[in-house]
Amino acid sequence: MADSTNKDVEKNVSRRDLLKVGAAILGATGLTQLFSLNSLQVRGKEIPDEGGRKWGMLIDINKCIGCNYCTYACQAVNNLADDMLYNVVTAEETQSGEEYFLSRPCMQCAEAPCVHVCPVEATYYRPDGIVEMNYDRCIGCRYCQVACPYGAGKSPDFGVAEVENRPRGVVEKCHFCSHRIDRGLEYGLTPGVDREATPACVVVCPTGARVFGDLNDVESPVSKAREEAIVTLRLREELSTEPRVYYIPPTTKKTGPFAGEGES
Amino acid sequence: MLPDIHCPTIKLGKRSIVVFPYWIGLLILGLLFGLVGAFIVLRDGLHVTGLSNAIPWGLWISIDLSAIAMGGSAFVFGVIVYILRIKRFEAIGKLAVLLGFLGYSTAGMVLLFDLGRPLRFWHPVVYWQPHSLLWEVTMCVVLYLSVLMAELLPIVLEHPLFKTHPWLTRYKALGSLMERAHSFAHSLHKAGPVLAVAGLTLSLLHQASLGATYSVLAGRGIWFNQSAPVQFVFSAMSGGIALLFITSVFVFRVMRPGTVSDSAIYDVARLTGKITLLLTYLRVWDWAVTNYYSFDREVFLQTQILDTIAPYSLTFWLGQALLPVIAGSVLLAAKSIKNFRYLMLAAVIPILAAIITRWNYNFAGLIASISYDPFTPGIILNSYTPTWVEFSVGTLVICYWLLAFSLAARYLPFSSGHDHH
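Listed in order, the protein sequences are those of chains Z and R. Read left to right, the first sequence gives residues 1 to 264 (the numbering used here). Read left to right, the second sequence gives residues 1001 to 1421 (the numbering used here).
Just so you know, these hints were derived from the structure itself, not from any lab. For glycine and all other residues, C-beta sits at the position ideal for the given N, C-alpha and C. Take these hints with a grain of salt, some might be off.
Covered, in the sense of this in silico footprint (three residues per stretch, anywhere, with C-beta under 8 angstroms from a C-beta of chain Z), are these stretches of chain R [said to hold, decoys possible]:
(1) 1050 to 1057
(2) 1107 to 1117
(3) 1130 to 1136
(4) 1210 to 1222
Model the full structure from these sequences, guided by the hints.
Structure follows, in structure tokens:
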């Protein structure tokens, strides 16, 4: 009799222990769900857009004459000080030593290092793919700047403390003139086609080297231009940042890396 | 009971002078100089610094990383004292907690000036982006500082000032406040093991994440290194415990003779010796993996260009390989050497090595950065010279560290054994 009660007690205890362990495991699993890798991934990934638009740009290096108008137009519409450049034009060389001009806006990467590293989600993906910044949230740690593989892609206002366009100390960068795109769409315009809805650097370019539009729309100017181009490239593609700015490399017969091909 | 505290003296002719007040005066002068720079940077913003878009992380970040490394002994000795319960290290463990707190608070202070928007320092706590290593580092530093404060409070409250001061009986409110503080401190002390585990986790997590902060950035050549997190953890342990050894000799052997046995202090030296040798082994393998067994064009070019402007490779071979091996071996043989002067001299090297590692890591990827030019990519050489404001703020935080340490060394009771249990 005494033995059986003891056994019962043991059984009960073991059952209770089992329940406890089960509860602990459940609790621990629940906890891990709070910080699961998936939830970490979601923040790094893009939010899908209902409209399916993905803004992109194509820059024909053959047409660029290095006039810097894109830089100045950008400074004008974005209210930038003289020494603040969202867009940079540099003279570069091909392997055969031909000089060409490389103009560089923000690449609006689909896998943007700056978005991955921002500690406060101040840099984020808009549903239409533009990598934009929340200037009210930025703490100015400059990790995004360090992370960007495209050099001066983002610039805090070193040297322009008297102009408080954006709060002093934050990092800022090119955003494909998202204000023009948004306002243009409100008026029923098409970014890339209508001047008022297109980034200022594209509108101002005197040689039409820059083309803008929705990469997901085959009829958009940027998609057509990509279709027509023999070859396009993106900067530092080996880093898998998936930029949305495409370039047509120098391919003219006289200059460029393919000069001399087909001759002899 | 306070143990007798002997202040170091200097003999000038027949007079012997107590250095302490002059030393404190000097540090206060340094603090005042630092406050000028601090005021200027808070008023005018970061453009008073030598930082630029090409080199956005400079002197302050290097100080920040080094200060955190200097607190690296706290989590090791938290485990030794609270979990392994090795009694003879109890007093040294208290000193380690102090060093941890000083290192982390110094880092937090210098970061405050380094932020473009200092008043938004709390944003990471509210706006979470767990994908970011800097977010993780911030959260760990905030939480670990709380743990360190919880570990430090009982040590500070042991001072007789908070137990037997006449005001405590004269003013009832003050007395009951102190009583509450003591019972709170007692419960904190009881929670020691929990705090030690929390401290170990947080500290390991973010010492590693500090390395990962750099090493996840694929576009920066030298920075993109899988072993950086491990190196950061071990170099923080080696440098932090070496500093603990030097300060232990000072605080216990010079100022409080008899509180800690010499053999316990020798054991601290041997521990840092072991970790230094292990770290150097890892460092040399890491060098071999990145430079000998594999070839990365960018790393090769960066190293080459850095060697032309600075003794970059030399700082590795001499400062992080050869000297640490010698110093580690000397420290490991502490019990047969039995000479505190030589051992302290040797212990300086792991500290310098930890600082050099962080300094080089921060600047290598920024000074020699990789261009985005698609056809003939090369290395862009950037330059950075800190302005006097940066040195001034650097002086501020270093003087804060030294001042807080000196006052603690002079006034805190580090006696082992507690009355209340």
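| request: List in ascending order the numbers of the hints, as given earlier, that are violated by the structure. | output: none
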